[in-house]
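A.B. asks: In the order they appear, the protein sequences are chains A, B, C, D, E, F, G and H. At position 103 of the first sequence (counting the first as 1) the number is 103 in our numbering, and the numbers step up by one without a gap. At position 18 of the second sequence (counting the first as 1) the number is 18 in our numbering, and the numbers step up by one without a gap. At position 76 of the third sequence (counting the first as 1) the number is 76 in our numbering, and the numbers step up by one without a gap. At position 147 of the fourth sequence (counting the first as 1) the number is 147 in our numbering, and the numbers step up by one without a gap. At position 99 of the fifth sequence (counting the first as 1) the number is 99 in our numbering, and the numbers step up by one without a gap. At position 81 of the sixth sequence (counting the first as 1) the number is 81 in our numbering, and the numbers step up by one without a gap. At position 4 of the seventh sequence (counting the first as 1) the number is 4 in our numbering, and the numbers step up by one without a gap. At position 92 of the eighth sequence (counting the first as 1) the number is 92 in our numbering, and the numbers step up by one without a gap.
Simulated from the structure, these hints should not be mistaken for laboratory data. These figures come from a predicted structure and were not determined experimentally. Yeah, the Cβ is synthetic: ideal placement off N, Cα and C, and Gly gets one too. Keep in mind that a hint or two might mislead.
Unchecked claim - Which chain C residues stay away from chain A? Per the calculated CB distances, all over 12 Å, these:
#: 1; residue: Ile4
#: 2; residue: Trp15
#: 3; residue: Asp17
#: 4; residue: Ala23
#: 5; residue: Gln36
#: 6; residue: Asp40
#: 7; residue: Asp43
#: 8; residue: Gly86
#: 9; residue: Tyr89
#: 10; residue: Gly105
#: 11; residue: Pro119
#: 12; residue: Tyr143
Stated by the list, open to error - 35 Å max Cα-Cα, derived DSBU-like pairs, lysine-lysine:
#: 13; chain 1: G; residue 1: Lys77; chain 2: A; residue 2: Lys77
#: 14; chain 1: D; residue 1: Lys33; chain 2: F; residue 2: Lys77
#: 15; chain 1: A; residue 1: Lys77; chain 2: A; residue 2: Lys88
#: 16; chain 1: D; residue 1: Lys77; chain 2: F; residue 2: Lys106
#: 17; chain 1: B; residue 1: Lys33; chain 2: C; residue 2: Lys77
#: 18; chain 1: H; residue 1: Lys22; chain 2: F; residue 2: Lys77
#: 19; chain 1: B; residue 1: Lys77; chain 2: F; residue 2: Lys106
What the hints assert, rightly or not - Simulated restraints on C-beta separations:
#: 20; chain 1: G; residue 1: Gly51; chain 2: H; residue 2: Asp135; range: 33 to 39 Å
#: 21; chain 1: H; residue 1: His118; chain 2: D; residue 2: Val31; range: 50 to 56 Å
#: 22; chain 1: D; residue 1: Ala104; chain 2: B; residue 2: Thr133; range: 31 to 37 Å
#: 23; chain 1: G; residue 1: Asp135; chain 2: D; residue 2: Gln147; range: 52 to 58 Å
#: 24; chain 1: F; residue 1: His118; chain 2: B; residue 2: Glu24; range: 56 to 62 Å
#: 25; chain 1: D; residue 1: Glu52; chain 2: B; residue 2: Ala142; range: 51 to 57 Å
There are 8 protein chains.
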Amino acid sequence: MELIVYLAGQIHDDWRDQLRKKAEERGLPLVFKGPQEDHDRSDDIGETIKGEQPTIEYRDQVASEMNNLRTRIWMSKADVVIALFGEKYRQWNTAMDAAVALQAGKPLILVRPPELIHPLKELGQRAQVVVETPDQALDALAYVLEQ
Amino acid sequence: MELIVYLAGQIHDDWRDQLRKKAEERGLPLVFKGPQEDHDRSDDIGETIKGEQPTIEYRDQVASEMNNLRTRIWMSKADVVIALFGEKYRQWNTAMDAAVALQAGKPLILVRPPELIHPLKELGQRAQVVVETPDQALDALAYVLEQ
Amino acid sequence: MELIVYLAGQIHDDWRDQLRKKAEERGLPLVFKGPQEDHDRSDDIGETIKGEQPTIEYRDQVASEMNNLRTRIWMSKADVVIALFGEKYRQWNTAMDAAVALQAGKPLILVRPPELIHPLKELGQRAQVVVETPDQALDALAYVLEQ
Amino acid sequence: MELIVYLAGQIHDDWRDQLRKKAEERGLPLVFKGPQEDHDRSDDIGETIKGEQPTIEYRDQVASEMNNLRTRIWMSKADVVIALFGEKYRQWNTAMDAAVALQAGKPLILVRPPELIHPLKELGQRAQVVVETPDQALDALAYVLEQ
Amino acid sequence: MELIVYLAGQIHDDWRDQLRKKAEERGLPLVFKGPQEDHDRSDDIGETIKGEQPTIEYRDQVASEMNNLRTRIWMSKADVVIALFGEKYRQWNTAMDAAVALQAGKPLILVRPPELIHPLKELGQRAQVVVETPDQALDALAYVLEQ
Amino acid sequence: MELIVYLAGQIHDDWRDQLRKKAEERGLPLVFKGPQEDHDRSDDIGETIKGEQPTIEYRDQVASEMNNLRTRIWMSKADVVIALFGEKYRQWNTAMDAAVALQAGKPLILVRPPELIHPLKELGQRAQVVVETPDQALDALAYVLEQ
Amino acid sequence: MELIVYLAGQIHDDWRDQLRKKAEERGLPLVFKGPQEDHDRSDDIGETIKGEQPTIEYRDQVASEMNNLRTRIWMSKADVVIALFGEKYRQWNTAMDAAVALQAGKPLILVRPPELIHPLKELGQRAQVVVETPDQALDALAYVLEQ
Amino acid sequence: MELIVYLAGQIHDDWRDQLRKKAEERGLPLVFKGPQEDHDRSDDIGETIKGEQPTIEYRDQVASEMNNLRTRIWMSKADVVIALFGEKYRQWNTAMDAAVALQAGKPLILVRPPELIHPLKELGQRAQVVVETPDQALDALAYVLEQ
Chain A
1 MELIVYLAGQ IHDDWRDQLR KKAEERGLPL VFKGPQEDHD RSDDIGETIK
51 GEQPTIEYRD QVASEMNNLR TRIWMSKADV VIALFGEKYR QWNTAMDAAV
101 ALQAGKPLIL VRPPELIHPL KELGQRAQVV VETPDQALDA LAYVLEQ
Chain B
1 MELIVYLAGQ IHDDWRDQLR KKAEERGLPL VFKGPQEDHD RSDDIGETIK
51 GEQPTIEYRD QVASEMNNLR TRIWMSKADV VIALFGEKYR QWNTAMDAAV
101 ALQAGKPLIL VRPPELIHPL KELGQRAQVV VETPDQALDA LAYVLEQ
Chain C
1 MELIVYLAGQ IHDDWRDQLR KKAEERGLPL VFKGPQEDHD RSDDIGETIK
51 GEQPTIEYRD QVASEMNNLR TRIWMSKADV VIALFGEKYR QWNTAMDAAV
101 ALQAGKPLIL VRPPELIHPL KELGQRAQVV VETPDQALDA LAYVLEQ
Chain D
1 MELIVYLAGQ IHDDWRDQLR KKAEERGLPL VFKGPQEDHD RSDDIGETIK
51 GEQPTIEYRD QVASEMNNLR TRIWMSKADV VIALFGEKYR QWNTAMDAAV
101 ALQAGKPLIL VRPPELIHPL KELGQRAQVV VETPDQALDA LAYVLEQ
Chain E
1 MELIVYLAGQ IHDDWRDQLR KKAEERGLPL VFKGPQEDHD RSDDIGETIK
51 GEQPTIEYRD QVASEMNNLR TRIWMSKADV VIALFGEKYR QWNTAMDAAV
101 ALQAGKPLIL VRPPELIHPL KELGQRAQVV VETPDQALDA LAYVLEQ
Chain F
1 MELIVYLAGQ IHDDWRDQLR KKAEERGLPL VFKGPQEDHD RSDDIGETIK
51 GEQPTIEYRD QVASEMNNLR TRIWMSKADV VIALFGEKYR QWNTAMDAAV
101 ALQAGKPLIL VRPPELIHPL KELGQRAQVV VETPDQALDA LAYVLEQ
Chain G
1 MELIVYLAGQ IHDDWRDQLR KKAEERGLPL VFKGPQEDHD RSDDIGETIK
51 GEQPTIEYRD QVASEMNNLR TRIWMSKADV VIALFGEKYR QWNTAMDAAV
101 ALQAGKPLIL VRPPELIHPL KELGQRAQVV VETPDQALDA LAYVLEQ
Chain H
1 MELIVYLAGQ IHDDWRDQLR KKAEERGLPL VFKGPQEDHD RSDDIGETIK
51 GEQPTIEYRD QVASEMNNLR TRIWMSKADV VIALFGEKYR QWNTAMDAAV
101 ALQAGKPLIL VRPPELIHPL KELGQRAQVV VETPDQALDA LAYVLEQ
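Make a model of the complete structure from these sequences and hints.
C.D. replies: This is the structure in structure tokens:
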């Protein structure tokens, strides 16, 4: 039985690809879904589909229509959500996806470096699992799939 | 008929008090609830109740037990949620509260300065109302209560 | 025990006021809520609160933020929804409110003239009660409150 | 992973067939469902199955029993709903299906020409995506399915 | 704290009045709601409000619109449901109300004479409490309200 | 795409087998589930599994544990429920299953002879489709599966 | 605004009375509900209401009908649940009430002595707050009610 | 059609293996899921993944993060839950899993020896089926799968 995993979090490095590769190497029956990982395409997608908008604000809004469509469809199909926070970005989207998972009753695995313990303490306290690296998140899922 | 309003967001200035005062001046039947506004008390509350913890991480965790208890009780009673973001803080708690409201089907009023349009674009696109000042949020609630 | 009634439907005549008056005359413990009935205020409210918008489309969007906030808050508190359709207007808002009530499990009373039987047949078939005048809707609620 | 798309909206032209064909040409894993597209069959189906009814109103009602059965079954299986409005018809069914999707938490893609911005402004403000052509709706779904 | 009790079941004798009287004598803070108890009014109410119908079947249908409106409103406000079955009537309405309570997660108290144990065994097995007389149902509620 | 259909109703004739056969003949992708159709096995199953019980009442109760287990599992997987009532039996189980479907938001097809219009009027008014024969119920499902 | 608190847990000492008294002394607007605290009455209540049963097992079952009725009614009205575990008893009821609260989305405050950390570790990890004494639970609620 | 069965309960003997073997011998289309059955691995898993913790309490907590992740994922996919209690262990986890199933509306089969009738009476009264051996639980599922 495959599990569907939604990968919320930053799209500025290749952590998703690495996770996919490692899961495959370990033979774990996991299907990963997530946001658009090409940052420019993510910012442009609204105007790409709907045409130029009158202001920057509305350009952002139409991009978000498409990004939120994507997130909502895959989140609703996910069995579990991994949300990764890093030092560099504000990542309110990640917090949003994580909290949507909480309220929808989907188990949340929070990944964050030790430096973020304090600012993420409320989210961490409500997550099902809190770890520091994506590898540990994969270990947790491997444990679910054991035996 | 009174409406219960949960005020998510930063606890570093007195925006909640000002909102309460203005609502009272306008005679609006609004009851405001929110997180602990005394920052030190909010950080200390876990150890105040449960005693000293072995590490900083666990000190944060026990504080969050209490803060999340408070948030969950009042959020579940709220008719509407106002979430205010400012420039200075990371405010993942605010994003968490806002997204819990979204997923729970409670109308969300997002308050954020123009500088935050881009990083908050996905949350903004799913909020019911997006404004720039707490006064505008109050105007929106006054409109709900008209006639 | 009071019942809260949401009055969806056109805002171009005074059917809500007449209903309120008749309910009062009959001594029925009903509290009526509904959309903004001042049409111009309803169209202007977005720019009134948020300021001028770059296009007509966005002017409409910000007005709808406020109108939908109002509708969602009162609909979520309503025990029953009355949706009135007339010949003159397209009234997609009325259909939207009626269907939200259906899906939320709130009983829907549909009021429509005989001329609209055919175009409203699917909505009528799923409504709890279908009548032709607001007075009949009030009769139905009076029956609920009997003895 | 296939996505199931419910196509709400007018049944007077072949927009669904065109959408199916284009999705196939682009190799998108989409399964489309929707209402009965043969208008006469849709109006006759109640009497076809249940026999002649005493009045026009009841003829319409029994047709709606069957049409609503169809809509409810496929809507409940859909991952996403596209609702298309055109100038010519009143399309309260489309508004009903769209609002059922909203309240059920299913992402809604609203397709409407610019002329309908104003009358559909409240529905548009709550939709996940608003576009002007079915092709743009398909673009949005293609974006969801990317990588 | 008052509890709201919905009294489903036959309307051919005065068991509801007796229950109300006994609850009052015992000083129990119970508010009783239920269907229309005047049988003729219950059968006539559709035509009383909507006018004469073309067939007996449709006369029954319009009466049910009103009776179901009443039941749905009070059932949705009830804290607990008492469903009474007797020997004389088929009482499919009672079974319907009882099962709606089951599926809505509302505690159900089933009252039935020993002769009905076998035909009501599946419903009885899913009820929260099964007794043989309305007085025993009242005893059960009094126990809930103790201390 | 297959649809799962739960067949509630009497187990004293072979209407389910006939329906299965006809569906197969028409090539309809329907999977039928339902209660135990061997009446004696249904009454004995509790004692068959759990051993002899001290009274008739408890014999019935343990049988119902098993019958309700079966019904709950298959009902929860069903896309649509057909409930058939006949003249001869009290069939409170059928009414229970039908109402569970109503409250769970699953479309209900009610099958009943004209003689039962009056006693089943409230259930009929809330069903999605009401017909007089199982063949008509199959016609309705065939319509859902068309095109 | 009063909060309703359900007090799950052992009924063999007077911890609930002490909690009520302390809450009153501190002026906290809390309404406490809970199971029957008179142990013998709790064990006898089924036979008291329904008469003598054929076996000990069925005596226990009928008592549980009444005890579960009580628990379900007050739990469904509670804003927060306190579950207290002690060393002496098995208290599967307490675990049941605690887990019902978890799944219903109601915040759970778990009270348990340090000796029970290991056997209660899974429940503790999902509770909102974990403390060692009822006084600490009251402190947590007082914190919720501050300012 | 396969059914997914979650096996809650003690992990100190091989009852799950025996059940799997017997189901296979009988050709029943059942997929069994459950907690980690290697007791030491279950206790160590938190520190195995997250590293050494400062106290025993926190060691237990991190183990529970992983064990609860596993339980929540498989419970949410289960069609039915079997919860087995034995004499030797406190098994609050089993009670927790059983009650989560109750509140989630999933049918629960409770397996317990006669000695535990009294302490488990409230849980037993709310379970769908109560038996004394895992073989009887399998019989009940076989009955569900018959014809």
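A.B. asks: For every hint, state whether the structure bears it out.
C.D. replies: Results for each hint:
no.: 1; hint: Ile4; verdict: 26 Å, holds
no.: 2; hint: Trp15; verdict: 36 Å, holds
no.: 3; hint: Asp17; verdict: 38 Å, holds
no.: 4; hint: Ala23; verdict: 38 Å, holds
no.: 5; hint: Gln36; verdict: 24 Å, holds
no.: 6; hint: Asp40; verdict: 24 Å, holds
no.: 7; hint: Asp43; verdict: 19 Å, holds
no.: 8; hint: Gly86; verdict: 33 Å, holds
no.: 9; hint: Tyr89; verdict: 28 Å, holds
no.: 10; hint: Gly105; verdict: 19 Å, holds
no.: 11; hint: Pro119; verdict: 30 Å, holds
no.: 12; hint: Tyr143; verdict: 39 Å, holds
no.: 13; hint: Lys77/G / Lys77/A; verdict: 32 Å, holds
no.: 14; hint: Lys33/D / Lys77/F; verdict: 20 Å, holds
no.: 15; hint: Lys77/A / Lys88/A; verdict: 29 Å, holds
no.: 16; hint: Lys77/D / Lys106/F; verdict: 12 Å, holds
no.: 17; hint: Lys33/B / Lys77/C; verdict: 19 Å, holds
no.: 18; hint: Lys22/H / Lys77/F; verdict: 25 Å, holds
no.: 19; hint: Lys77/B / Lys106/F; verdict: 30 Å, holds
no.: 20; hint: Gly51/G / Asp135/H: 33 to 39 Å; verdict: 34 Å, holds
no.: 21; hint: His118/H / Val31/D: 50 to 56 Å; verdict: 54 Å, holds
no.: 22; hint: Ala104/D / Thr133/B: 31 to 37 Å; verdict: 34 Å, holds
no.: 23; hint: Asp135/G / Gln147/D: 52 to 58 Å; verdict: 55 Å, holds
no.: 24; hint: His118/F / Glu24/B: 56 to 62 Å; verdict: 58 Å, holds
no.: 25; hint: Glu52/D / Ala142/B: 51 to 57 Å; verdict: 56 Å, holds
Against the hints set out earlier in the document, no violation occurs for any number.
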